[in-house]
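Need the complex rebuilt from these two chains, each delivered in its own frame; the hints are there to steer you.
Residue numbers (our numbering), protein chains in the order written: chain A, 1 to 166; chain B, 1 to 227.
Check each hint, because a few of them may be wrong.
[As the list claims (entries may be wrong)] With the C-beta cut set under 7 Å, the calculated list includes, among others, these residues of chain B facing chain A: (1) Glu18; (2) Val23; (3) Val52; (4) Val53; (5) Asp54; (6) Leu57; (7) Val60; (8) His63; (9) Glu64; (10) Pro65; (11) Ala67; (12) Leu74; (13) Ile77; (14) Phe150; (15) Val220.
[As the list claims (entries may be wrong)] Covered, in the sense of this in silico footprint (three residues per stretch, anywhere, with C-beta under 8 Å from a C-beta of chain B), are these stretches of chain A: (16) 6-14; (17) 74-87.
Don't read these hints as lab results, they were simulated from the structure.
For every residue, glycine included, the Cβ atom is placed at its ideal position computed from N, Cα and C.
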Amino acid sequence: MADGDQDAASAFVRRYQARVFGLVLTIVHTPAVAEEVSQEVFLKAWRHASSYDARRARVSSWLLTIARNAAIDAVRYRHEEPMDPDVLTSMLAPEERDDGDTATGLTLRDALAGLPAEQRRPIVLMTFQGLTAREVASREGLPLGTVKTRVRRGLTRLRDGLGALP
Amino acid sequence: MSARDPARCAEVRDLVPELAMGVAPGEQRAAALAHIATCSDCRTVLELTTDVVDELLMLVPEHEPPAGFEARVLAGISASTGLRRRVRTWLAAAAVLLAAAGGGLAVHWADHDERRLAGEYRRTLEVAHGSSLRAAGLLTSSGTRAGDVFAYQGDPSWVFMTIDGAPSGTYEVRLVTRDGRTHRIGECWVQDGRGSWGTALDVQVGSVERIEMRGAGGAVLTASLSG
Numbered sequence: 001m002a003d004g005d006q007d008a009a010s011a012f013v014r015r016y017q018a019r020v021f022g023l024v025l026t027i028v029h030t031p032a033v034a035e036e037v038s039q040e041v042f043l044k045a046w047r048h049a050s051s052y053d054a055r056r057a058r059v060s061s062w063l064l065t066i067a068r069n070a071a072i073d074a075v076r077y078r079h080e081e082p083m084d085p086d087v088l089t090s091m092l093a094p095e096e097r098d099d100g101d102t103a104t105g106l107t108l109r110d111a112l113a114g115l116p117a118e119q120r121r122p123i124v125l126m127t128f129q130g131l132t133a134r135e136v137a138s139r140e141g142l143p144l145g146t147v148k149t150r151v152r153r154g155l156t157r158l159r160d161g162l163g164a165l166p
Numbered sequence: 001m002s003a004r005d006p007a008r009c010a011e012v013r014d015l016v017p018e019l020a021m022g023v024a025p026g027e028q029r030a031a032a033l034a035h036i037a038t039c040s041d042c043r044t045v046l047e048l049t050t051d052v053v054d055e056l057l058m059l060v061p062e063h064e065p066p067a068g069f070e071a072r073v074l075a076g077i078s079a080s081t082g083l084r085r086r087v088r089t090w091l092a093a094a095a096v097l098l099a100a101a102g103g104g105l106a107v108h109w110a111d112h113d114e115r116r117l118a119g120e121y122r123r124t125l126e127v128a129h130g131s132s133l134r135a136a137g138l139l140t141s142s143g144t145r146a147g148d149v150f151a152y153q154g155d156p157s158w159v160f161m162t163i164d165g166a167p168s169g170t171y172e173v174r175l176v177t178r179d180g181r182t183h184r185i186g187e188c189w190v191q192d193g194r195g196s197w198g199t200a201l202d203v204q205v206g207s208v209e210r211i212e213m214r215g216a217g218g219a220v221l222t223a224s225l226s227g
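Pulled out of the complex, with its shape left as it was, chain B reads as follows (with noise of 0.2 Å):
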């Protein structure tokens, strides 16, 4: 905790009330969060009037929208997610083309909506031989998807995944084979939800029947590369 500076404390708390009513200039709003994060009194004040500005906003009258309002909202976050997968999915699939130098892929995509994109990346892929590529979707133990994977054969094999909505922290990234033995192959650091991770394999791609993550926090993914 910084020294205590009342003068600072003052001119801070002069600035509270617009702060917690969404309004403060700029610069001042940047120097006064810096303040506050390092002196819990002002950031008593802070959180008090955030309160009390919060409970006004709940004093405005409810009113229903109109139906299929609930519809429509729900088409617009199924837009955007289906979206960002697919972007997603296109940046790792031309990340997988930079790396198969000198390896035709054949590419199975767990998919059905991205077949259209596997026959355009079949034929790029062509022009080298081949080993395989397989994408399988991570899932948490709800069955909610939460990221992917893809898995490389060749020389050398590797393994990458994307996460997206996964509890943050750290996660020990398995393969359990086919023979049902487990390899701990790394770790992968989760940050807001979101991480990314890669490494070469020794095992085949083939022999690998599922890939583990678990967190510290309890959290486990899991994606099937068998079938």
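Extracted from the complex, chain A is given alone in its bound form (with noise of 0.2 Å):
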């Protein structure tokens, strides 16, 4: 690899690695496991560059995209025991505010905790956990339309709660 590469691609991986880290470590919870699938999305992410498009979403939104959809792959394909959605809402909580949060971070905090709980949890298990509308139906026992309309409706709330930033 070319020297500009191996620079470029060092303040890349710098940049990002403890965002990638951090979101792959709580879902995937096994430290071994998630370090493995952090190299990998690394990779992916090299690989595809070409296929990024700025105009459409930050390099952040991006590879934290690859890093879930990775991370979840590795869940299924592994077997492992995914999170616990209210431990998963719990580090997403108000009270769980750092320096790292921005304005926007703060408020969807507050928008979050705002939401009834049968609205918050299925946004939880499809984000977080890559759960179907209808893999949370059958889960908690719900009709699909149920589901849909919750997750929809508790969308809705937050994007309006982001939109009334200034």
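Right under this line is the structure:
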């Protein structure tokens, strides 16, 4: 790999490694597996760099989407126990705010905490465990339409909460 | 823009949450994305919802990976890049073999690592009598390697280039010969950062100093054949 490539790759990894590893570890929660998956995430990003469209998403969003999908696949493939959604939800609560949070992040924490649990829970299950609406419905013993309505309403409220930012 | 179909828009928006969270069932996803490609209102709804999901992913706490993580990632990238370049070189050289009927070739490789491969090819190519085959890296203006050029001296002479990692678009391809003259020899199309192209030449390869590819956006790739 040419020197210029090496420097660029280094800088890229250093900038995003904590974000990627943090997300993967939260979903996979075995540190050794999380490290392996995180390495694969950067490899995938490097290979598909030409498909990244800067007009469509921030680099961090694109990278974290790759990370989320890779982590969910790892959990499924290795038959790991996914994290308890209530534990996961508590990590997203306003009390867990830290220095890394942006204004948007803080607002989102509040908005998420303000959702009825019946809307928040399927959103967390689908976003962080990759469950489909049908799988959530089956797991919670609810009609599919009910799950979809709750998720749609919950995301709309979150969107409105973020939209209220200056 | 297609005619408005409120019923279709309603169906698609019903799926937007799942699309944004990456859990929409395959067939429904494909049909919905096809609609979204033509409907700016539905596209806006999807984009706003995707923004929310992206922000949710950012709420998870950061965590530094174990020591040595960066080095391991770079080693993985290096290995995959090196392997792909060697595989590409093999394929291009195989194409040369097929085209080199009646010409034995002495093979010069720009890269030390490929001498072993060159030896194997030399034995194979010594069956017929030879001209020269030169290979050189295509470099961007910042010195990054973005492809390879192969130049064959024979009857006819030809040049073939493979590009990987250059801005997409149409490139004008030129030869600059040692006497300082520039010869425009054609155009090469690069898509998704990749492309390949070749043409027969009516100048001696030995007289070519360098090959330049100039993209419409200002990108310039250069391969030096001298030295």
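Evaluated hints:
At a threshold of 7 Å, the smallest CB-CB gap from B/Glu18 to chain A is about 6 Å, leaving the interface hint in force. Satisfaction of the interface hint for B/Val23 is found here, the shortest Cβ-Cβ separation to chain A being roughly 5 Å, below the 7 Å cut-off. Interface hint status for B/Val52: upheld, as the beta-carbon distance to the closest one in chain A is roughly 5 Å, under 7 Å. For B/Val53, the suggested interface contact is upheld, since its CB lies about 6 Å from the closest CB of chain A, less than 7 Å.
Using the Cβ-Cβ criterion of 7 Å, the hint placing B/Asp54 at the interface with chain A is satisfied: the shortest such distance is roughly 4 Å. Interface restraint check for B/Leu57: the shortest CB-CB distance to chain A comes to about 4 Å, inside 7 Å, so the restraint holds. The interface hint given for B/Val60 is met, as the beta carbon of that residue sits about 5 Å from the closest beta carbon of chain A, less than 7 Å. Hint on B/His63 holds. Least Cβ distance to chain A is approximately 4 Å, under the 7 Å limit.
About 5 Å separates the beta-carbon of B/Glu64 from the nearest beta-carbon of chain A, less than 7 Å, and the hint is met. Taking 7 Å as the C-beta contact cut-off toward chain A, the hint placing B/Pro65 at the interface holds, the least distance being around 4 Å. Taking 7 Å as the C-beta cut-off, the interface hint given for B/Ala67 is violated, the closest approach to chain A being about 11 Å. Hint status for B/Leu74: holds, given a least beta-carbon distance of 6 Å to chain A, under 7 Å.
Checking B/Ile77 against chain A by beta carbon gives a least distance of about 5 Å; that is within 7 Å, so the hint holds. Taking 7 Å as the C-beta cut-off, the interface hint given for B/Phe150 is violated, the closest approach to chain A being about 19 Å. Annotation: B/Val220 was flagged as interfacial toward chain A, and the flag is violated, the nearest CB pair being 15 Å apart, outside 7 Å. Counting residues of the stretch 6-14 of chain A whose CB falls under 8 Å from any CB of chain B gives 5; the rule of at least 3 is met.
As drawn, the stretch 74-87 of chain A meets chain B at 0 residues by the rule of a beta-carbon pair under 8 Å; below three, the given contact is violated.
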